[in-house]
Each structure stands twice: as C-alpha cells, then as structure tokens.
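Undergrad: What follows is the residue order along each chain.
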Amino acid sequence: MILSKKDIPSFLDKLISEYQVFAPVQEGSYTLFKQISSGADAVLTDSNTKLPAKEIFFPQSEKLFSYNVTEEGTKLEATIDDQKKVVFGVRPCDAKSLTLLDNVFNNDKYQDPYYLTRRTNTIMVGVGCNAPASTCFCTSVNGGPFDTKGLDLLLVDTGDAYVVEVVSDKGKALAEQAGFAAASDADKTAASKAKEEAKVTCQVNTDGLKDKLDVNFYDPIWDKIHEKCLGCGACTYLCPTCHCFDIVDDAVDCNGCRVRNWDSCAFPLFTLHGSGHNPRTSNKERYRNRIMHKFKYFVDNFGEIACVGCGRCIKNCPVNMDIRVVLEDVRGSEARLDS
Amino acid sequence: MKNPYLPLPMKLVKNFTETEDKLIHTFTLQFLSEEDEKSFPYMPGQFAELCVFGKGEAPFGIASSPTEPGFLKFSVAKVGVVSTALHLMEEGSMVGVRGPLGNYYPVEDFKGKNVVIIGGGFAFTTLRSLATYMLHPDRRGDYGDITVIYGARNPGLLLYKEELAAWEQSPDINLITTIDRAVDGWNGRVGFIPAVTEEVAPSSENTYAIICGPPVMIKFTMPVLEKLGFPVERIIMSLENRMKCGIGMCGRCNVGGKYVCKDGPVFTRAQLNELPNEY
Ligand SMILES: Cc1cc2nc3c(=O)[nH]c(=O)nc-3n(C[C@H](O)[C@H](O)[C@H](O)COP(=O)(O)OP(=O)(O)OC[C@H]3O[C@@H](n4cnc5c(N)ncnc54)[C@H](O)[C@@H]3O)c2cc1C
Ligand code: SF4
Ligand code: SF4
Ligand code: FES
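Here the protein sequences line up with chains A and B, keeping their order. 27 is the number that the numbering used here gives to position 27 of the first sequence; each next residue is one higher, with no gaps. Numbers in the numbering used here are just positions in the second sequence, counted from 1, shifted up by 1000.
No lab work stands behind these hints: they were computed from the structure. You may find that some hints are simply not true.
Claimed, not checked - So the derived label-pair ranges between C-beta atoms look like this: (1) Leu269(A) x Lys1113(B): 39 to 47 Å; (2) Val1081(B) x Ile221(A): 19 to 27 Å; (3) Gly276(A) x Trp1186(B): 54 to 62 Å; (4) Glu1090(B) x Asp13(A): 34 to 42 Å; (5) Val319(A) x Lys1011(B): 49 to 57 Å; (6) Asn1154(B) x Lys63(A): 22 to 30 Å.
As the list claims (entries may be wrong) - To give an idea of the interface, some chain B residues facing chain A are shown, with a C-beta separation under 10 Å as derived from the structure: (7) Asn1003; (8) Pro1009; (9) Cys1051; (10) Lys1055; (11) Pro1223; (12) Pro1276.
This structure is a prediction, so every number in the text was calculated from the model and none was measured. Each residue gets a CB set at the ideal place from its N, CA and C atoms; glycine is no exception.
So that you can see chain A by itself, here it is in the shape it has in the complex (with noise of 0.2 Å):
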C-alpha cells in the first residue's frame, strides 16, 4: 500500500474524528510528540523527535487520583485515559522503547493501570529511518532503522510517497479504513532500496559487554567513568527507556490528588533514606546504576537491554558523556565512534 505525502494531512484528519492523533510537531526550535488537532501540524522530519515519545503513555507529570476527604467520608476518584488513540510518525528505536517498558509497567505481579490502558488504546503508525544520525546506535541494541516491533504499520519513505507494512492486525485493520492504494512494483523496489541504503554507521559492541557488567561492579573503572557527569538528569528525561518516578500529593487541605511524576537516579535524594543514610551516595554509584540498570538488571529480569541506541542522551548531555564510550570503556577496548 501507498501514502502520498501530501495525502498526510488529510489522512490524519480523518483520524482525528475517531481518534486521539498524536504525531511530531515543531515547539521552538524542537520537536516533539502532541496531540494535533489538524492533519497539517504533523512534521516528519528525516530524525527523530527531541522528546521521546513515551510521554504519551507514561506523562511526565499525571494525576493518579483526585480525594476529598471530609466528616461523611473518603472519596477516591481515578480517571483512566481509554481514549482510542494513534501514533503517527514514530521511530522504530522509540516503538521498541514502549516494548520494553512494557515489562515494568506490567511485571510479575502489580499492573499499572495509567500505563497500559492507554497502551492497548493505542495504534502505532511508525516511519522508518532513511538516514539515521550518527549519534543512532539501534543496530547494536538488537533493533534497527526498519525495525518493527512494538509497531502496527510501518511507513517507508520512498521520496513522494511512504510504503505502507502492515505489521499486526490492528495495524491491518487501521489501513483497510484508511483505504490506501496498492503500491506498484516501482514503489516496493524504491522501499526495498531505501531499506538497503539505510546506513546505521555507528556500532556499539555488546559482545561481552554483559559478562563484564555481571562482574565488574566493584571495579575501579566506575571511579573513573562518571567523572564528567554533572547529575543533572537530562539523559534520563530523554531518554525513552528511563522510568524513574515520584509520587507526591498536590492538595489544599484534604481536597487534592496524588500525583506521579517523572523523576531520575542521577539525582542524591532519590534514594536518601528518611535516617540519612543514602545507598547511592556520589555520581559514582548513580552513574553506574544507571548503565547497570539498562545493560545489566533489565536483562537479568526481562531477557533484553534496556537502551534502544537513540542517541538522545549523547546529543543532550551538557558535558558530553557518551554512552558509546562508557559502554566500550566498561568492555575495556576502544570506542570507535567514527562515523
């Protein structure tokens, strides 16, 4: 199947009478995933947003329940968003984010209800990536510019027009009611080429990389590693894997809600205890949790990495830390980061 790229808003604007759409817009001078009330605010650019967009799913700041308490009783009241919602214009590396934060928000034994609601409400229209930047490490992480998981139809761009994959059936279902044209042998040689010259250029290797964490927390290196880091927390707000969050009340008197919100394990008070005492004490133990987190303890209990190679936390870090190089520094060889 076909969408001509002038057709975009159009489309979109059909799915906005029946759906929340959410796609990439400009904000200032970055871009970032909203709600858009007209087909013609989608912008695909040839990257990825600045934002993630997790935020659609796991809001950075979202009221769990509003309470009013008083002499009669206790009132709780929990809104669950169940709007039907689409997302169009996401990358593959964030589709497959969702994937895995699917793990956390529904583990071995609680279900978070915020999350995953609006997780199956949702349909997932992703763009795949002619020309992945160079801070783009998904082919390392086990994912890919064409990769589709945690998508239901996949967009290829071929100049005028993006190749439509179907990739599940509610992405079948999607494209059967958006009636799209079939796609001509020229344009599924076009989608196939855009696919092969697709070059992610820079790799990361893991090999290994896994082995070492499993062994290496008392190892000196982390006294080295996180020097530069500021434990300002940017890469974990941007990044589409990072989950950390705070749970506070917002109310007068006893009139109120409790609220969730996004919080970071670069910072010190995230794990001081009421005592004093704090576990992660210095940048050192914060800096290492956080790439034990993702390439050590997300695969010991969900059996995958929990980074998708972005590169977000390399384009926004202040002091330039690069996850690249830390990842080749924890293996103890080079970093190759030519591009």
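With chain A held as given, fit chain B with the ligands onto it using these hints.
TA: Frame of chain A, contents of chain B with the ligands only:
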C-alpha cells in the same frame, strides 16, 4: 485491572506516644468494613504505604499481626513530611493505606525450627508482628523455641512495653532485652546487641535468625551469627531502601536487579550476598 495506587481509607482510632523521647508514635487503624479487611490479607514482614491526604504517602512495616483482626498497627518515627503529619493527627481522622506490599518472613520454613529474633531500636515493628503471629495459640506448636533479643539505647526507647512485660512472663517465649548503658531501675541486660547475642543466642542448630535494625547493629551482629554457626540461608533480614511506588515500577528501591519493594523487603543473607551493597 486492579489499580495498585489507590489507598484504602481507614480510621485512625489511636495515636499513641510509644517512646519517652516522643519521636515514635504507634497508630492503630481500623478497617471501615469487613469487605475492606478482606481486601487486605497480609503476613508478618509485609509493609504498606500509609498516606495522609494532602501530605503524601510513605512506606511503613506493618506492626500488627494477621492474628489480630479488625485493625492494623504501625509505629512511625518522626523524620519528615508524612511521618510528622501522622504524629499530629487526631484520633478519629481518616488516613489511607496502600498494600499489603512486599514479601514476608518465611514462616512456613520456620515450622519445626527454633527461631531467634534480633531487633534493634525502632526497627522492631515487623518483628513484633512475627513474634505475635508465631505466639498465637493456633500456631505456637508449629515452632520450636522462640527467643527474642531486643535492644535500645535506653529503656524509654523500647517499643511495645506492655507486650514485652507479658512476654517476660510467658513460657512460650524467651525474651532478652538490653540497653546500651546502665540506668536505675533497669533489670534487663546492659550491652550492645552483638555482644548480648553472642552470649544468649540459642544454638544455631535447626534455628533461623531474623535480624532487623540500624546498619551498624547489623554490621556487627552478622559476624557473631556466623561465628555461632548460622548458615547464610538461615539468616533472614529485612531491608528499608527508600521507596515510592512499592510495586516495582518507580525504580527507586533497587539493590542490583532486585526491587526491595517487590522482591523483598525480606531477604536471606545468602540472597543478599549475591547482590551489590547498595542498601
Ligand atoms: C519497607 C520499609 C519499612 C519501613 N518501616 C518503617 C517503620 O515501621 N517505622 C518507621 O518509622 N519508618 C519505617 N520506614 C522508613 C520510612 O519509610 C521513612 O522514614 C519515611 O518514608 C519518611 O517519610 P516522611 O515523609 O516522613 O519523610 P520525608 O519528608 O520524605 O523525609 C525523610 C528524610 O529525607 C530527607 N529529605 C527528604 N526530602 C529532602 C529534601 N528535599 N532535601 C533534603 N533532605 C530531604 C530528610 O533527611 C528527611 O529527614 C520504612 C521504610 C521502608 C522502605
Ligand atoms: S546528561 Fe550528562 S551530565 Fe547530565 S546526568 Fe546524564 S550523563 Fe550526567
Ligand atoms: S540510554 Fe541513551 S541511547 Fe540508550 S535509549 Fe536511552 S537516551 Fe537513547
Ligand atoms: S518503591 Fe518503586 S520500585 Fe520499589
């Protein structure tokens, strides 16, 4: 899908100043209905998020035992926002309880074994739950000797004084209390927990040790237990990493790949030996 973030409203029926320094209060909370109580089946060692509406929530070990129906008990040290708000609450107010959370002491494994419970300071809360559970007439026969070694800086800081007095008299339990420095009118022991443990602990044969207290106490008692021959599989500890969600999602309480809230807070020494020292 059950919403794990919603607290159960409960009525604070007693706000009791537990220690002489007034820093620990014990709260008795009553279930509002039988249905509510049924929705909260718990075991000794579990904890709950206690919430003061308008202030927030914080995790506390459940000090009551499932053998005491109708209410829950928590003993709370005043350290910050939620705990202070709790201390100031009037009896009759409504609070919220979210749980029960976490795993519990392996009481099934304790069957047919002796048990020595070692507690220091105000970390005695879930140990009280455990002792009360095992001492229940329906259960007492399941276990061998039960020894409790409980220490505090001074007598005024010991929790649950009435119960301790009753345990003193009971043939079902061997209670040893100790304080750091001698004071007038104290008939118990004087000395730090590690030394007292070395002196009075029962044989490690066929015995489980359950230990809970401040980090220094744990640090110095551990070698004593090892010297006494307790294998790491039979030393049980409860961790208190900082928590928020209590359900393994907020990423806050991990020790290595384990979440203290979901995979703990109760671990064997053997399990902890496999984990990094981030607690
Ligand atoms: C499983 C478990 C069981 C527990 N059981 C018990 C129990 O039975 N009894 C008990 O008393 N406690 C128990 N605790 C500890 C208890 O959870 C904490 O004492 C409680 O969370 C404190 O909450 P708070 O809102 O009162 O304190 P907070 O307001 O969160 O503050 C606590 C401390 O954190 C520090 N802090 C917080 N915010 C800041 C900031 N912005 N800047 C600088 N410092 C800050 C301060 O040192 C402060 O004293 C348990 C903990 C766990 C994990
Ligand atoms: S963005 Fe850079 S400086 Fe900030 S916490 Fe991450 S690694 Fe450290
Ligand atoms: S760790 Fe960095 S590269 Fe990996 S997913 Fe997070 S932001 Fe992207
Ligand atoms: S308290 Fe949130 S993960 Fe343990």
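Undergrad: Verify the interface restraint on Pro1009(B): the C-beta must sit less than 10 Å from at least one C-beta of chain A.
TA: Since chain A brings a Cβ to about 4 Å from Pro1009(B), closer than 10 Å, the hint holds.
Undergrad: Hint Asn1003(B) vs chain A: min CB-CB distance below 10 Å?
TA: holds, 5 Å
Undergrad: Using the Cβ atoms, figure out if Glu1090(B) sits within 34 to 42 Å of Asp13(A).
TA: Violated - the Cβ-Cβ distance for Glu1090(B) and Asp13(A), about 57 Å, lies outside 34 to 42 Å.
Undergrad: Within 19 to 27 Å or not, the Cβ separation of Val1081(B) and Ile221(A)?
TA: violated, 38 Å
Undergrad: Could one say that the CB atoms of Val319(A) and Lys1011(B) fall in the range 49 to 57 Å?
TA: This hint holds: roughly 52 Å between Cβ atoms.
Undergrad: Under 10 Å is the threshold here; is the Cβ of Lys1055(B) close enough to any Cβ of chain A for the hint to stand?
TA: Holds - the Cβ of Lys1055(B) comes within 10 Å of chain A, reaching about 6 Å at its closest.
Undergrad: Against chain A, is Pro1223(B) within 10 Å by beta-carbon distance?
TA: violated, 20 Å
Undergrad: Looking only at beta-carbon atoms, does the pair Gly276(A), Trp1186(B) fall within the given range of 54 to 62 Å?
TA: violated, 29 Å
Undergrad: Identify whether the interface hint at Cys1051(B) stands, where standing means a beta carbon of chain A within less than 10 Å of its own.
TA: holds, 8 Å
Undergrad: Return the status of the interface hint for Pro1276(B): holds when the least beta-carbon distance to chain A is below 10 Å, violated otherwise.
TA: Hint holds; Pro1276(B) Cβ to chain A Cβ min 5 Å, cut 10 Å.
Undergrad: Taking the beta carbons of Leu269(A) and Lys1113(B), is their distance inside 39 to 47 Å?
TA: Once the Cβ atoms are compared, 41 Å apart, the range 39 to 47 Å for Lys1113(B) and Leu269(A) holds.
Undergrad: Take the C-beta atom of Asn1154(B) and the C-beta atom of Lys63(A), compute their distance, and say whether it sits inside 22 to 30 Å.
TA: violated, 46 Å
Consistency note: the structure conflicts with the earlier hints numbered 2, 3, 4, 6, 11.
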